[in-house]
Every structure is written in C-alpha cells, then in structure tokens.
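With these hints in hand, go ahead and build the complete structure from the sequences.
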Amino acid sequence: MSEAVTPLTARWRHGRKHSVSTVAMPTGAQLWHRYSLVLAPAFIAGLGLVLWYYYNSLGVGTIAQIQVSSALDWETKLKPQLIQHLTIAAWSTLLVILVAVPLGVLLTRGGPRRIAPAVLAVANSGQALPAYGLLIIFLAAMGQGGRTVVVALVVYAILPVLRNTMVGLDGVDRSMLEAGRGMGMTRMQTLLRIELPLAVPVIVAGIRTAMVLNIGMATLAFLIGGGGLGITISSGLKLNQDAVLLVGAITVALVALTFDWFGALAERFLHPRGL
Amino acid sequence: MAGEPKIRLDHVSKIYQGAEGPAVAELTLDIDPGEILVLVGPSGCGKSTTLRLINRMIEPTSGRIYLDGDDVTDVNPDQLRRRIGYVIQQIGLFPHQTIAENVATVPKMLRWDRKRISTRVDELLELVGLDPRVYRDRYPKELSGGQAQRVGVARALGADPSIMLMDEPFGAIDPITRESLQNEFLRLQEELRKTIVFVTHDIDEAIKMGDRIAILGEQSVVHQADTPERILAYPVDDFVRSFIGAGTAMKGLAFERVGDLDLAPFDEGRNGDGKPVGTITADATLFEALEEMLRTADGKTVVVDESGRPAGVVELSHLSDALRTAQDEARRHYDELGAAS
Numbered sequence: 001m002s003e004a005v006t007p008l009t010a011r012w013r014h015g016r017k018h019s020v021s022t023v024a025m026p027t028g029a030q031l032w033h034r035y036s037l038v039l040a041p042a043f044i045a046g047l048g049l050v051l052w053y054y055y056n057s058l059g060v061g062t063i064a065q066i067q068v069s070s071a072l073d074w075e076t077k078l079k080p081q082l083i084q085h086l087t088i089a090a091w092s093t094l095l096v097i098l099v100a101v102p103l104g105v106l107l108t109r110g111g112p113r114r115i116a117p118a119v120l121a122v123a124n125s126g127q128a129l130p131a132y133g134l135l136i137i138f139l140a141a142m143g144q145g146g147r148t149v150v151v152a153l154v155v156y157a158i159l160p161v162l163r164n165t166m167v168g169l170d171g172v173d174r175s176m177l178e179a180g181r182g183m184g185m186t187r188m189q190t191l192l193r194i195e196l197p198l199a200v201p202v203i204v205a206g207i208r209t210a211m212v213l214n215i216g217m218a219t220l221a222f223l224i225g226g227g228g229l230g231i232t233i234s235s236g237l238k239l240n241q242d243a244v245l246l247v248g249a250i251t252v253a254l255v256a257l258t259f260d261w262f263g264a265l266a267e268r269f270l271h272p273r274g275l
Numbered sequence: 001m002a003g004e005p006k007i008r009l010d011h012v013s014k015i016y017q018g019a020e021g022p023a024v025a026e027l028t029l030d031i032d033p034g035e036i037l038v039l040v041g042p043s044g045c046g047k048s049t050t051l052r053l054i055n056r057m058i059e060p061t062s063g064r065i066y067l068d069g070d071d072v073t074d075v076n077p078d079q080l081r082r083r084i085g086y087v088i089q090q091i092g093l094f095p096h097q098t099i100a101e102n103v104a105t106v107p108k109m110l111r112w113d114r115k116r117i118s119t120r121v122d123e124l125l126e127l128v129g130l131d132p133r134v135y136r137d138r139y140p141k142e143l144s145g146g147q148a149q150r151v152g153v154a155r156a157l158g159a160d161p162s163i164m165l166m167d168e169p170f171g172a173i174d175p176i177t178r179e180s181l182q183n184e185f186l187r188l189q190e191e192l193r194k195t196i197v198f199v200t201h202d203i204d205e206a207i208k209m210g211d212r213i214a215i216l217g218e219q220s221v222v223h224q225a226d227t228p229e230r231i232l233a234y235p236v237d238d239f240v241r242s243f244i245g246a247g248t249a250m251k252g253l254a255f256e257r258v259g260d261l262d263l264a265p266f267d268e269g270r271n272g273d274g275k276p277v278g279t280i281t282a283d284a285t286l287f288e289a290l291e292e293m294l295r296t297a298d299g300k301t302v303v304v305d306e307s308g309r310p311a312g313v314v315e316l317s318h319l320s321d322a323l324r325t326a327q328d329e330a331r332r333h334y335d336e337l338g339a340a341s
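Those sequence lines, one after another, are chains E and W. Just so we're aligned, residue 1 is where the first sequence starts under the numbering used here, counting upward by one. Just so we're aligned, residue 1 is where the second sequence starts under the numbering used here, counting upward by one.
The hints are simulated quantities; they were obtained by calculation from the structure and are not laboratory data. Warning: the hint list may mix true and false statements.
Okay, the calculated beta carbon distance ranges per label pair [as the list claims (entries may be wrong)]:
1) A42(E) - E179(W): 54 to 60 Å
2) D204(W) - G171(E): 34 to 40 Å
3) D131(W) - P102(E): 41 to 47 Å
With the C-beta cut set under 10 Å, the calculated list includes, among others, these residues of chain W facing chain E [said to hold, decoys possible]:
4) Y86
5) Q89
6) P95
7) H96
8) Y139
9) R155
10) A156
11) G158
SDA-like, lysine to any residue: derived pairs with alpha carbons at most 20 Å apart [claimed, not checked]:
12) K208(W) - E291(W)
13) K141(W) - M176(E)
14) K108(W) - M176(E)
15) K108(W) - R187(E)
16) K108(W) - L196(E)
17) K108(W) - R193(E)
18) K77(E) - I66(E)
19) K194(W) - I163(W)
Here the structure is a predicted model, which means the values were calculated and not measured. All C-beta atoms in this analysis are idealised placements derived from N, C-alpha and C, irrespective of residue type, glycine included.
Spelled out as structure tokens, the structure:
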C-alpha cells in the first residue's frame, strides 16, 4: 500500500477533501479510500500465505542447508527478532506521541508559538539526517542496545507527528474558537472540546506515518545491537542466501503493512462524526 | 433616560500596542434594558471592537464596564461571557457536534442536569423555527446558511442570558433569507425582551433592527445615538448625513402608520371619479402610502377598512406634514438637550 509514503501535505489534503464532500457521490479517491480498508488486509493475507508456503518449502531444520536452517529457525531467531522489532517500534511510536502531541499543542499557543519555526527546524533535521548516521550519533552518545535505538527513532519520527499536530490545530476555523470563547469556554475547554477533536484526523495521519517509519527503521536496530528482523536480512546478505534475505524482508514488509492498516482503521474510526 | 442602564460603558478606551491612535477612544454609552441598540459605522471604525469590549473578548485599556450597575471590568471573563449571548457573522457552529450539542454548549458548562438541557434545547429550536425532531441530531454541515444562523442564535440563547451581543449576524446570508431572519428575530425579541447590542455596517439594517442607533465614526466616536426616526429626520452633522445617505427623510416615513393620521374624508364625488386610485389599509406605513401614490400617479391614496370600504384619504400634504413634524420634533429635542447641558 503506497499510502504509507504519501507526503504529509498530500495526505492532509486528501483527508480534508474526504471530509468536506461526504454528501456527494464518492469520488474515485474516496472509493479507493473505502476499499483500501478491505483490499489491504486481503493483500496482507495473500502475502502472508505466500511467505508461509515459501518458508515451509525451504524445509528449515530438515532438508535446508545448515546455515539457512540456523538463520531462519522460528523459536530461536525469527520469533525473538519479531518481538524485538515490534517492541522497538511500539516504544518509539508511543514516545513520539507522548512528546510530539503535547509539544505541538504547546507550540500553537500564544507565546511559545514564536519559537515554533525553530523547533520545527530541529525536528526537520532529525528526519533530514541519514538514518544510519543518526543511529551512529546516538550509539556514540548512549552506547549499544535497544534503548539507544528507541531514542534515535523518536528523534527520527517526531517530525510528522509534531507537524501534523500543529497543522491540524491551526487548521481549525478561527470562528469556532471565537464562538467558543465568546460563550465563556476557557482556553482549555476550547482545546479539549473543539481544537483537538477536530485535529484528530490530521494528528492520527501523522502518527500512522511515524509508526510505519519506525517499523521500517527498526530494521537497522541490529547495527547497534538492538536486534530485530534486520538480523535475518543482514544474515541473508552476508551468507549470500536469497531464501534468508527474502523471508526477512517479506516479514518486515508484512509487519509494516499490517500496522499501516491498523493506522488506516484508526483514522477511519477516530474521524469525528459530522465532518 | 429613566432607570438604570443594563449596560454602561464608561470612558472605555482600547489602545493596541504599536497602533497609532486608540481603536476605541473614551467611549461612553448606556444601553437600556430590553432595547436593541445598533452600532453602525463605516468599516474599521471600531464597532466590532466596541462590541467585543462588552464581553471582554477584548480587554479595555482604560475605562469601566457595568452590567446591571455592577462593575464587570475585572471579573472572570469566562464566567462573564456565560451570562451574555454572543452571535457572530461566521456563526462558528462546532461541526463535530450535533445541533443539540451545539445549542447545549453553555448549559453544559453551567452543569445543568441532562433532562433540563434536553428540554431547553427543544424549546430553543422551536423558538428559532427549527423542528427539534428533525434537527436535533443533525450536524451543522447539513444546514443551509440561514438555518445555521438560527442555530447560532439558539445557541447564544442557551442559558437564557439577558444580554445578547450580535456582530453582523445576518451579514453573510443571502438578502431574501436575511430579510426573513430579521423579521423573525424582531418577532422573537417582542417575546424575549433581551438587551441587544447589534453591530452592522448596513444603515438600512440598522434602521430596521434598532430601537436606537449609535452612529460611530473613527475610533468609535459616537456622532449620534438616537431612535432611527430622529436620526433620519435630523442628522446632527455631515458625517451622519453622508453615512445615512440620500433619501433619508423618505425612509423616515416607514416609521409612521396611516392609522395615526388625521385622514381627509372620503368624498364619493371628488375621489370616486373613476381614475385608478390605489387603496391601502390603516396599518400601512406612510412610505407605503407614498409608494401607492407614485404608482397610481395620483396625489392621494384611499384608506380602506377591513371590509374594504373607504375610511378616508391620505394626501401628499399628510406626508410632507409628517416629515416636517418629525424634523421639528427632533430639532426641538436636540435644542432641549443643548440647553440642558
């Protein structure tokens, strides 16, 4: 599913368009949007099935070469790597949300708004740096291990969530805030009851992007001792064994697609009614 | 003016940092209970700023604001605003909330119980002419502009505030719908008797809606604050004269009813000579009488009673007398004011 890499702005506009013209007949984009929720899992299931047959046909632990059997063993290699991979992605995404959403809220308020461009520039550099370089910088600063990977990924993936939070909040029509304040809502009430609910689709789109980035980036975690499915891919390369490489790569792709689909579901179901 | 004003602005100024002069300079204005005061003036004269000073959406730089005699210049602005209805041109309905939830905004903040809120919402929707059974659970995007502003008014009336501030509420609505909303709003006001401050840049809307009109110039200086009749009959200075524009005296005719005139008797021989003579009823305005005279190219119009029988005749001289009387009355009023101060 190509949506994972759609640029943020395009994604945002797409979301808006979807929200504005719900009364009219669904356009092509909307139809695709609707069916993608069904098509994606079908595609994921198909790919999973292919992987399953391919994996079984290799005869891991029986007829396969000892190197292949060792690299692709489920209990000692693939399963722990998958768990590590998901743990890294989950923690980094969770931390990104915990940091970027409140920061985005703060940077769209009165005084702190002035430093927003500076903060965005820093966040931008996090994503502009080569991912590999970023990992090495944090390796130097924090040493080996999963914790370093998580911190590096947070820095890497903070931008989409931060920027979407700010864009989402700024996109809320000023007249609603004027009306809300005019009726005696406090600033906190306008934030919680009007701004955030209306910004949710855009914020969730940012989180979805960050999550998919993190799942992809966790593939590099093995470079600094963080584990993950990157180990299998790297073994495949080193051993020059295409089977190992394929199983590793397709597994990562399956994980990314699956979670992207969860993201799409969240976007769909967290979309405020009435929009 | 008798009794205590509902709203009193006492030498209120607003100076924006970095701006050359004050946006509002030393404004003093009393607004009586139950009246519609229209603030009207050219764009940028500070009329919206003045309105927003009352509920302190804009904090005054100096001066005091009183509601019901209480100084509210320093009270908690959020608490204050829950007592004051606020309607804006852009309406600002919350698109993710149903009509009922929108209307319930202030009662919910005031922690009314659910049953009371629900009853109140239905009552308000009925009041603004929307069937609650149809509209309660709809979302704002399903409404037309006119319907949305009805909901805007209902929402502003949520907790039954005694004061309403309206900032060009019908400004973005097509002329035909605007006309009917204005009429309905005036009918509503007959019932509700709220104290309303109404901002517009449209002098005709001001004349129609206002019990009194305050004509504001630069920096919200009040050039004239009076009833529409008096302002039309006797603009105090060139600014007011040019703002209310041409044909103002004629607009004043719309405030007087044919029934209040001392009609000339209907004379079968003189009036019934077969020429096409327009007829009107006693509750028509003098403006309508004039229109009828122009239409029939006749210097008079026959007034008929409910059964269609002629009851008398309005003549052109009635109209010029009415204009002169209004002018004289207004001049005398301002002379007295001048003498008193």
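Q | Structure versus earlier hints, numbers of those that do not hold, lowest first | A | none
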